[in-house]
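Here the structure of chain A is known, so what remains is to put chain B in place on it, guided by the hints.
Chains A and B, in that order, give the protein sequences.
Reading the first sequence from the start, the letters are residues 224 to 391 in the numbering used here.
Reading the second sequence from the start, the letters are residues 806 to 1006 in the numbering used here.
Quick caveat, the hints were computed from the structure, so don't treat them as lab data.
All C-beta atoms, glycine included, are put in the ideal place defined by N, C-alpha and C.
Fair warning: there could be bad hints in the mix.
So these bits of chain B aren't anywhere near chain A, every CB distance computed over 12 Å [to be verified]:
| no. | residue |
| --- | --- |
| 1 | Arg886 |
| 2 | Leu902 |
| 3 | Arg935 |
For lysine-lysine, the following BS3-like pairs were computed, each having C-alpha atoms within a straight-line distance of at most 30 Å [to be verified]:
| no. | chain 1 | residue 1 | chain 2 | residue 2 |
| --- | --- | --- | --- | --- |
| 4 | B | Lys929 | B | Lys919 |
| 5 | B | Lys967 | B | Lys810 |
| 6 | B | Lys868 | B | Lys897 |
| 7 | B | Lys901 | B | Lys919 |
| 8 | B | Lys916 | B | Lys897 |
| 9 | B | Lys897 | B | Lys929 |
| 10 | A | Lys283 | B | Lys810 |
| 11 | B | Lys987 | A | Lys331 |
| 12 | B | Lys810 | B | Lys887 |
| 13 | B | Lys912 | B | Lys929 |
| 14 | A | Lys282 | A | Lys331 |
| 15 | B | Lys991 | A | Lys374 |
| 16 | B | Lys887 | B | Lys929 |
| 17 | B | Lys916 | B | Lys929 |
| 18 | A | Lys380 | B | Lys987 |
| 19 | B | Lys866 | B | Lys929 |
| 20 | B | Lys866 | B | Lys987 |
| 21 | B | Lys912 | B | Lys897 |
| 22 | B | Lys887 | B | Lys868 |
| 23 | B | Lys868 | A | Lys323 |
| 24 | B | Lys887 | B | Lys991 |
| 25 | B | Lys868 | B | Lys810 |
| 26 | A | Lys323 | B | Lys810 |
| 27 | A | Lys380 | B | Lys901 |
| 28 | B | Lys987 | A | Lys374 |
| 29 | B | Lys967 | B | Lys832 |
| 30 | A | Lys331 | B | Lys901 |
| 31 | B | Lys887 | B | Lys897 |
| 32 | B | Lys810 | A | Lys282 |
| 33 | B | Lys901 | B | Lys912 |
| 34 | A | Lys323 | B | Lys832 |
| 35 | B | Lys832 | B | Lys866 |
Sample of chain B residues lacking proximity to chain A, with all beta carbon distances greater than 10 Å (derived) [stated by the list, open to error]:
| no. | residue |
| --- | --- |
| 36 | Ala825 |
| 37 | Gly959 |
| 38 | Thr968 |
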Amino acid sequence: MISDFSVPEFIFREFLLWLLVQSEINDGSFELGGEFISFRVEDQLKLEGEGDVRQTDLKKGVPSISREARSALINGKLPTRMRVRLVVGGDEYIFVLDSKLMEIRGLKMPVVPLSEAELRMEQRIFHLSQVYRMLELLFNQFAVLRLDSDKWAVQVKEINQWLQEKPS
Amino acid sequence: MGFLKGSLGIKRYFIENPDAFREGREKVVERMLRYQFRSIEGAAVEEAVGWVSPFRSYDSKIKVEDTFLDSNIFLAMRVDRKVVPRLLLDSKVNQKLDSGAVVVKGKQELKQLKENMRQELLLKALPEPRIIEGVIDLPHATLYLNTASHRASGLFLSLFEKTFDVLPAHIDPTGFAFLTLKEDSKLQALSDTEESCFHDI
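The following block holds chain A by itself, in its conformation from the complex (with noise of 0.2 Å):
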């Protein structure tokens, strides 16, 4: 668990933004080992960098295909903290994700029909794990394009692409 190695924020980030491009290329849907999740940004989402301004908070409607989250990416900042929905099978989760600590806050998870404490327990913590499961499998697909140079200088532009479209 103790590494030597520190991985830099701006990595996490570069992961937020990623998330944020590829849901919006693909209309939500990512391959996870064979199986498709659905993945959106909700009505949440922090960016930050330097600048003059260096925080953009945009809150409510769908910050994500905003002309204000476009523009605050092309000024340099990045995702720090989104609220996402997240699909896997028939389950729903939304949650807010944080670049800073890889952090979840106000998880919310599917009821767990159960009056039995032991089993609804169960079932909540089989919830728990799946979301970090799924967000584990998200950054190892992010990880492998952002270590091979060719397949990353591609996202760049899919992603400098989306950047200078106008907004629908």
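Chain B in isolation, oriented as in the chain A frame:
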């Protein structure tokens, strides 16, 4: 709200040596009972921290059947805190001084008077309880803490370490990457990567 219902704010920790939890269920509960919660109602104590039953926050009698749920261990830490408002303390001290009941000579005596008054008020103050829940997913040696607060998680980990002689390691972003990539070489490559440019094109 809690682990069993409502939304969660999760901090994740890795338990590198989960031997303490394999000693047997009774032994685990025995360890917890050594640090069970003790009420500070009617006592001049500012804070109390200890384990309670996950299903009955008023009950310090922790039972095996409440704690072990299948392969998970359900923990609940109760923190009771009493606060004496500064304004109340000052006004009580001034009232005493103005009534002539006490005469203080110098700063030291005034300090002592304030401290005595604070103790008196602490005795009467009602504690504000807070429950911090944690679940140990034993097969994955992972502790999930349901709190976003650094202070609360610090208190929980401190009690956890005293109780079980093991301090879980926080899964920070690098820990998250390590768990995902599982290889030091990949982690090193990621650490050496330069930032991409998505702007000014």
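Results for each hint:
1. Arg886: Consistent with the label, B:Arg886 stays out of reach of chain A, its closest Cβ about 23 Å off (over 12 Å).
2. Leu902: holds, 48 Å
3. Arg935: Answer for B:Arg935: holds, closest chain A Cβ roughly 18 Å.
4. B:Lys929 - B:Lys919: Within the cut-off at roughly 16 Å; holds.
5. B:Lys967 - B:Lys810: holds, 29 Å
6. B:Lys868 - B:Lys897: violated, 44 Å
7. B:Lys901 - B:Lys919: Holds. B:Lys901 to B:Lys919 sits at ~10 Å (cutoff 30 Å).
8. B:Lys916 - B:Lys897: Answer holds: B:Lys916 to B:Lys897 is near 13 Å, not above 30 Å.
9. B:Lys897 - B:Lys929: holds, 14 Å
10. A:Lys283 - B:Lys810: holds, 25 Å
11. B:Lys987 - A:Lys331: Holds - the C-alpha atoms of A:Lys331 and B:Lys987 are around 28 Å apart, at most 30 Å.
12. B:Lys810 - B:Lys887: holds, 28 Å
13. B:Lys912 - B:Lys929: holds, 26 Å
14. A:Lys282 - A:Lys331: Cα-Cα ~18 Å, so holds.
15. B:Lys991 - A:Lys374: holds, 16 Å
16. B:Lys887 - B:Lys929: It holds: about 10 Å lies between the C-alpha atoms, which stays within 30 Å.
17. B:Lys916 - B:Lys929: Between B:Lys916 and B:Lys929 the Cα gap is close to 20 Å, so the pair holds against 30 Å.
18. A:Lys380 - B:Lys987: Holds, at roughly 29 Å.
19. B:Lys866 - B:Lys929: Measuring from Cα to Cα gives roughly 26 Å; hence the hint holds.
20. B:Lys866 - B:Lys987: Given that 30 Å is the threshold and the Cα spacing comes to 41 Å, the pair is violated.
21. B:Lys912 - B:Lys897: Between B:Lys912 and B:Lys897 the Cα gap is close to 17 Å, so the pair holds against 30 Å.
22. B:Lys887 - B:Lys868: holds, 28 Å
23. B:Lys868 - A:Lys323: violated, 38 Å
24. B:Lys887 - B:Lys991: violated, 49 Å
25. B:Lys868 - B:Lys810: Holds - the C-alpha atoms of B:Lys810 and B:Lys868 are around 21 Å apart, at most 30 Å.
26. A:Lys323 - B:Lys810: Holds - the C-alpha atoms of B:Lys810 and A:Lys323 are around 27 Å apart, at most 30 Å.
27. A:Lys380 - B:Lys901: Violated. A:Lys380 to B:Lys901 sits at ~75 Å, over the 30 Å cutoff.
28. B:Lys987 - A:Lys374: holds, 21 Å
29. B:Lys967 - B:Lys832: Holds, at about 15 Å.
30. A:Lys331 - B:Lys901: violated, 53 Å
31. B:Lys887 - B:Lys897: holds, 17 Å
32. B:Lys810 - A:Lys282: holds, 26 Å
33. B:Lys901 - B:Lys912: Status holds; Cα separation ~16 Å.
34. A:Lys323 - B:Lys832: Roughly 38 Å separates the two Cα atoms, so the pair is violated.
35. B:Lys832 - B:Lys866: Judged against 30 Å, a Cα distance of about 14 Å means the pair holds.
36. Ala825: holds, 17 Å
37. Gly959: holds, 15 Å
38. Thr968: Check passes; 20 Å lies beyond 10 Å.
Violated hints, in rising order: 6, 20, 23, 24, 27, 30 and 34; the structure is consistent with all others.
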